[in-house]
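Visitor: For the sequence shown, this note's numbering assigns the number 1 to the initial residue and increments by one for each residue that follows.
Hints may be right or wrong, so weigh each one.
[Unchecked claim] In the BS3-like style, the derived pairs of lysine-lysine whose C-alpha atoms are separated by at most 25 Å in a straight line are:
| hint | residue 1 | residue 2 |
| --- | --- | --- |
| 1 | K267 | K336 |
| 2 | K350 | K282 |
| 3 | K267 | K305 |
| 4 | K336 | K305 |
| 5 | K408 | K350 |
| 6 | K401 | K427 |
| 7 | K409 | K282 |
| 8 | K409 | K350 |
[What the hints assert, rightly or not] Have a look at the derived ranges for each label pair, beta carbon to beta carbon:
| hint | residue 1 | residue 2 | range |
| --- | --- | --- | --- |
| 9 | I110 | L428 | 41 to 47 Å |
| 10 | V297 | A101 | 55 to 61 Å |
| 11 | S300 | K401 | 47 to 53 Å |
| 12 | G153 | Y429 | 26 to 32 Å |
| 13 | A367 | D154 | 53 to 59 Å |
| 14 | A158 | P371 | 47 to 53 Å |
| 15 | R278 | L428 | 16 to 22 Å |
| 16 | T94 | F396 | 52 to 58 Å |
| 17 | L173 | S392 | 21 to 27 Å |
| 18 | F138 | K401 | 47 to 53 Å |
| 19 | E270 | D98 | 44 to 50 Å |
Since the hints were derived computationally from the structure, they do not count as laboratory data. Each residue gets a CB set at the ideal place from its N, CA and C atoms; glycine is no exception.
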Amino acid sequence: MENLVAIVGRPNVGKSTFFNRMLGMRQAIVDDVSGVTRDRQYGSTEWNGKRFHLVDTGGFIGDGEDVFAAAIRKQVRMAIEEAQVVVFMVDVETGITDLDAQVGRLLKEINKPVLLAVNKVDNNERQLMIHEFWAMGFDNLYPISSTSGSGTGDLLDALTDIIPGIPEEDNRLPHIAIVGRPNAGKSSFVNLLLDEERSIVTDIAGTTRDSVHAHYNKFGQEFILVDTAGLRRKRSVKEDLEFYSVLRAIRSLESADICVLMLDASKGIEAQDLNIFRLAIKNNKGIVIFVNKWDLVEKSTNTLKEYEDHIRERIAPFSDVPIVFISVLEKQRVLKAIDVAIEVHENRSKRISTSKLNTFLEETLAAYHPPAYRGRMISIKYMVQLPTAYPSFVFFCNHPKHVSESYKKYLENSLRARFDFTGVPLKLYFRDK
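Sequences are here, hints too, so could you generate the full structure?
Guide: See below:
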């Protein structure tokens with residue numbers, strides 16, 4: 001997926017402050033995702049109607065100028081190889097340092113747009129100091145203040161002139177991303193479906209470095225299948241290459257319609273699986289859980305039910321998710337698993353007429369009216385479905401801020417029971433009538 005903007009520069013020039021300000025424009029969530037360390041953060045934002053991804057490469061240069069060396073050079077190269085546009089940030093207070101010059105020389109070697117952002121320009125005196133930075137030889141120079149936001153609009157205007165933006169979801173083929181921890185069997189599953197070695201499969205966790213896209217068209221089903229690099233816990237991510245594998249996996253998840261969370265039956269559902277699950281929910285993706293290597297589990301009469309109950313308990317409160325027990329090695333229930341994923345995609349794409357929704361609302365209100373708030377009766381007049389790529393509904397009422405969380409949950413559960421939104425997070429909004 002394109003439209004990644006890397007913010008590079010030596011430490012303490014204000015990269016993270018700029019990054020946080022950019023995400024704050026739409027209050028985007030920066031997940032503490034496994035592999036994305038405290039000083040390497042990733043998120044999405046929007047400007048001039050164009051959505052794009054940002055990666056803060058804080059800490060890439062190291063703690064001191066004396067450690068630039070080959071390893072640092074490699075890290076910077078990785079950042080810019082992933083990006084479509086590079087924002088190179090320097091500090092007007094310190095002027096051009098030797099480390100700035102070295103990073104600048106690296107960036108000139110690439111065939112990508114580089115926007116030079118001179119940070120901490122927050123008064124007229126510093127405005128006069130920016131001319132020194134033309135000596136670095138870049139065509140575009142933007143004086144900004146990450147703290148106050150001054151000048152960032154011009155920088156973002158230039159940035160969005162370059163990138164095409166991430167298109168909204170349309171009538172394209174469904175994109176199904178296979179996500180999960182390393183060595184859960186994602187690549188083996190993809191290879192079995194495609195009947196070819198698209199992904200390298202070994203017993204070594206983390207073999208898959210890049211996301212692999214493939215067109216599946218068999219047995220009356222057609223979709224794009226995405227095998228992603230496994231997501232690890234933060235302390236497990238030591239290689240720079242591993243960090244970018246995690247980044248690609250997150251990007252693949254964000255661009256997918258359905259996320260298949262692959263579990264290793266012998267290990268169960270762990271904290272990192274829950275991180276991936278919650279990331280999919282935050283991005284409003286359809287979700288299916290595949291429990292792979294089920295053939296290796298010793299079974300008794302209630303093993304499957306107990307295992308499923310345990311998973312639903314761990315993923316609560318959103319537990320309306322299909323769970324399919326498979327064995328890629330034994331080729332058990334693999335096609336059934338795909339059928340379930342397609343059903344979830346159909347649920348996510350479902351459109352319900354306003355008349356049906358309001359018949360539902362009338363019956364739901366009659367069964368259980370919203371509780372009053374401090375003596376104020378709450379009256380929900382009508383509802384509509386919004387034209388989004390995922391199911392979202394707006395309820396019009398007289399006191400939208402006072403509808404209780406428990407009643408919102410009641411409405412959501414009622415919607416699920418009536419219209420079948422299994423595997424799909426729902427968004428409910430309440431507006432003044």
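Visitor: Indicate, hint by hint, whether the structure satisfies it.
Guide: Hints, verified against the model:
At most 25 Å may separate the alpha-carbon atoms for a hinted pair to count; K267 and K336 meet this at roughly 23 Å. Straight-line distance between C-alpha atoms of K350 and K282 comes to about 19 Å, which keeps the hinted pair within the 25 Å bound. The straight-line distance between the Cα atoms of K267 and K305 is roughly 17 Å, inside the 25 Å bound, and the hint therefore holds. For a cut-off of 25 Å, the pair hint linking K336 to K305 stands: about 18 Å separates their Cα positions.
A hinted pair counts as satisfied when its Cα atoms are at most 25 Å apart, and K408 with K350 qualifies at roughly 20 Å. Among the hinted pairs, K401 with K427 is consistent with the structure: their alpha-carbon atoms are about 16 Å apart, no more than 25 Å. Between K409 and K282, the direct Cα distance comes to roughly 17 Å. Compliance with the 25 Å bound is thereby established for this hinted pair. For the hint linking K409 to K350, the alpha-carbon distance of about 20 Å falls within 25 Å, and the restraint holds.
Checked against the given bound of 41 to 47 Å, the beta carbons of I110 and L428, roughly 45 Å apart, stay inside it. A C-beta distance of roughly 59 Å is found between V297 and A101, which places it inside the suggested range of 55 to 61 Å. Between S300 and K401 the beta carbons are some 51 Å apart, a value that agrees with the proposed interval 47 to 53 Å. Between G153 and Y429, the C-beta spacing of about 29 Å keeps the proposed range 26 to 32 Å intact.
Between A367 and D154 the Cβ separation comes to about 56 Å, which falls inside the hinted range of 53 to 59 Å. Under the hint 47 to 53 Å, the C-beta atoms of A158 and P371, about 52 Å apart, fit the expected range. Distance hint check: the CB atoms of R278 and L428 are about 18 Å apart, consistent with the given range 16 to 22 Å. Our hint of 52 to 58 Å for T94 and F396 holds, since their Cβ atoms are close to 55 Å apart.
As the Cβ distance of L173 to S392 is approximately 22 Å, the hint placing it in 21 to 27 Å holds. With their beta carbons about 49 Å apart, F138 and K401 fall inside the hinted range of 47 to 53 Å. The hint said 44 to 50 Å for the Cβ distance between E270 and D98, and at roughly 45 Å that hint holds.
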